[in-house]
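Produce the entire structure from the sequences given, and follow the hints as far as they go.
Protein sequences, first through last, are from chains A and B. In terms of my numbering, the first sequence opens at residue 23 and continues consecutively. In terms of my numbering, the second sequence opens at residue 23 and continues consecutively.
The set of hints was computed from the structure by calculation and includes no laboratory data. Some clues are possibly wrong.
The list treats identical chains as interchangeable, and a pair is accepted whether it falls inside one copy or across any two copies.
Keeping only pairs whose Cα atoms sit at most 27 Å apart, straight-line, the calculated DSS-like set for lysine-lysine is [claimed, not checked]:
1) K259 to K89
2) K259 to K198
3) K110 to K151
4) K110 to K146
5) K89 to K256
6) K151 to K317
Protein chains: 2
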Amino acid sequence: MADERCKVVLLAGGVGGAKMAEGLDGLDDIDLAIIGNVADDAEFHGLWVSPDIDTVTYTLAERIDRKQGWGVADESHRALSVLAELGKDAWMSLGDRDFGLHIYRTERIRNGDRRSEIAADVAKAFGVKSRILLPTDDILQTQIKTDPGWMSFQEYFVREACRPDVQDIRFEGAEKAQATPEALAAIAEADLIVIAPSNPLVSIAPILSVIGMKQALQAAAAPKIAVSPIIAGKVVKGPADRMMASLGLEATALGVARHYADLADAIVIDRQDAALEASVEALGLRCIVDDILMKNREDKLRLARFVVDCAALPASRRACA
Amino acid sequence: MADERCKVVLLAGGVGGAKMAEGLDGLDDIDLAIIGNVADDAEFHGLWVSPDIDTVTYTLAERIDRKQGWGVADESHRALSVLAELGKDAWMSLGDRDFGLHIYRTERIRNGDRRSEIAADVAKAFGVKSRILLPTDDILQTQIKTDPGWMSFQEYFVREACRPDVQDIRFEGAEKAQATPEALAAIAEADLIVIAPSNPLVSIAPILSVIGMKQALQAAAAPKIAVSPIIAGKVVKGPADRMMASLGLEATALGVARHYADLADAIVIDRQDAALEASVEALGLRCIVDDILMKNREDKLRLARFVVDCAALPASRRACA
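Below is the structure:
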């Protein structure tokens with residue numbers, strides 16, 4: 023019997039993306055595929071670390087450290103403390119359980135396995151129900167230009183704690199990064215495409231930078247709904263608002279809507295931003311107003327339900343709306 | 023001012039070697055260089071593990087798990103448990119602190135650093151006073167032939183818990199493994215060379231199998247004293263006695279003496295084996311009888327002192343005897 027569930031594709035970054043993923047993953051009547059962000063991946067101590075993908079995986083596997091929103095619960099840092107004693111930089115907090123995953127991933131990459139196959143196997147081994155897809159199997163890395171010059175995303179985000187002003191952003195490898203067949207197929211078959219309330223510039227933009235990704239999204243029959251990561255001019259977590267402002271974008275839900283105007287059909291903004299509704303609609307986007315702050319699991323499930331229900335799904339799939 | 027301390031070189035394997043190393047390391051009037059065994063090294067999960075070298079390093083750094091004689095004290099196994107969940111074999115017990123070292127070593131090997139330089143840097147970072155030298159920077163790996171066929175040393179030793187009968191032993195890579203300049207220099211400059219009570223067949227033999235090593239030892243001016251790993255026909259720890267027997271060697275202190283007759287000038291055997299003294303001396307070896315079981319730090323220091331003192335050191339160095 024064919025799977026009659028509504029097929030939802032979520033484009034997601036790290037913590038905000040994982041929250042949206044958790045909500046959608048909790049709905050029994052949808053079949054969720056998450057296209058995550060690989061552009062904050064980096065090598066540490068010779069091991070390949072994939073922070074955003076792992077945050078989504080750990081969240082859906084119910085292993086996440088709920089307090090910090092990333093990393094593994096019940097974690098220790100023995101391996102890292104030895105690396106520090108041996109003179110290695112230890113600003114990237116990598117726990118012992120987390121190292122187990124990085125060791126596994128790195129060995130398989132060295133054996134020539136596709137990164138997306140590895141991510142799928144990890145999700146499966148950890149009992150994740152939804153599919154976690156990579157936008158590309160190629161190396162794609164966000165770089166941030168600040169006053170001293172270009173640095174890797176993790177150097178900016180973790181080592182420098184997002185303090186420097188961002189002057190420019192680039193995705194190293196984007197000119198050669200090919201979309202994975204799994205991501206393209208999921209987009210083509212989707213009944214609904216959701217853009218998570220993730221950082222538009224460093225979580226969603228790198229996914230869109232992959233060769234073939236924007237075209238696939240534009241060609242997709244499914245409606246595309248973005249959820250604003252900005253509420254009342256402030257980001258819930260991370261540097262998105264400051265990044266947008268320093269790059270000359272308006273750090274509001276309207277700025278986000280403008281950023282996604284070419285891509286999305288609708289945007290969900292918070293009730294606190296209801297006054298922006300007319301301006302958003304003037305961009306040619308349907309504007310949906312709701313409570314979008316996700317503080318707990320109930321909030322996540324409710325917002326996910328709301329987004330799925332209010333999507334203008336094609337008639338044949340209207341049952342799941 | 024020149025270092026007037028007696029220069030001692032110790033050939034050592036894992037646990038037994040580490041005990042002898044600890045005793046010698048504890049003597050203030052000697053300058054100790056340990057040539058360790060690298061032939062039980064193996065790659066696990068894409069990381070290079072060097073069990074015997076690490077046992078010596080952890081012992082001299084006072085990080086060893088005293089109860090088991092190997093591994094790190096206050097250890098946990100979070101990374102390994104994740105690897106097991108991901109379907110990897112986890113019979114090789116690798117702790118989280120231990121993984122820190124393996125990650126460090128592997129990254130440096132991949133960066134092209136010499137293995138002996140890495141081992142020296144680790145020992146230094148961990149505060150080890152004596153020098154830990156590798157016999158070779160090349161890959162040299164003990165393989166054990168048992169009934170089902172050849173297996174790696176760790177497969178035999180850990181996975182199979184030394185249960186299978188040993189039919190043959192070979193050192194893969196020995197035909198190409200060059201001695202390190204540091205090991206050759208230490209041997210040439212030594213005032214005394216001690217062969218630790220380690221497994222003669224899989225701890226000491228691989229060291230001797232390296233190109234140039236036997237010749238260097240034969241050419242060395244220093245007296246060479248072996249300490250028997252076998253007391254009253256039984257090994258203190260490990261499979262040396264069963265291995266010797268199954269390969270047609272006599273599993274006694276006399277068998278050990280016979281094995282080292284071409285190499286050593288003297289052998290220290292236990293009081294329990296005093297009856298073997300004449301047979302040992304008939305081999306052309308000086309036989310020294312003492313209590314050689316090392317149960318605690320005092321035993322180790324006392325045996326080390328005894329071995330150094332009873333060595334027939336060259337006249338110019340007699341002060342340290």
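Does the structure break any of the earlier hints, and which numbers would those be?
Number 2 only.
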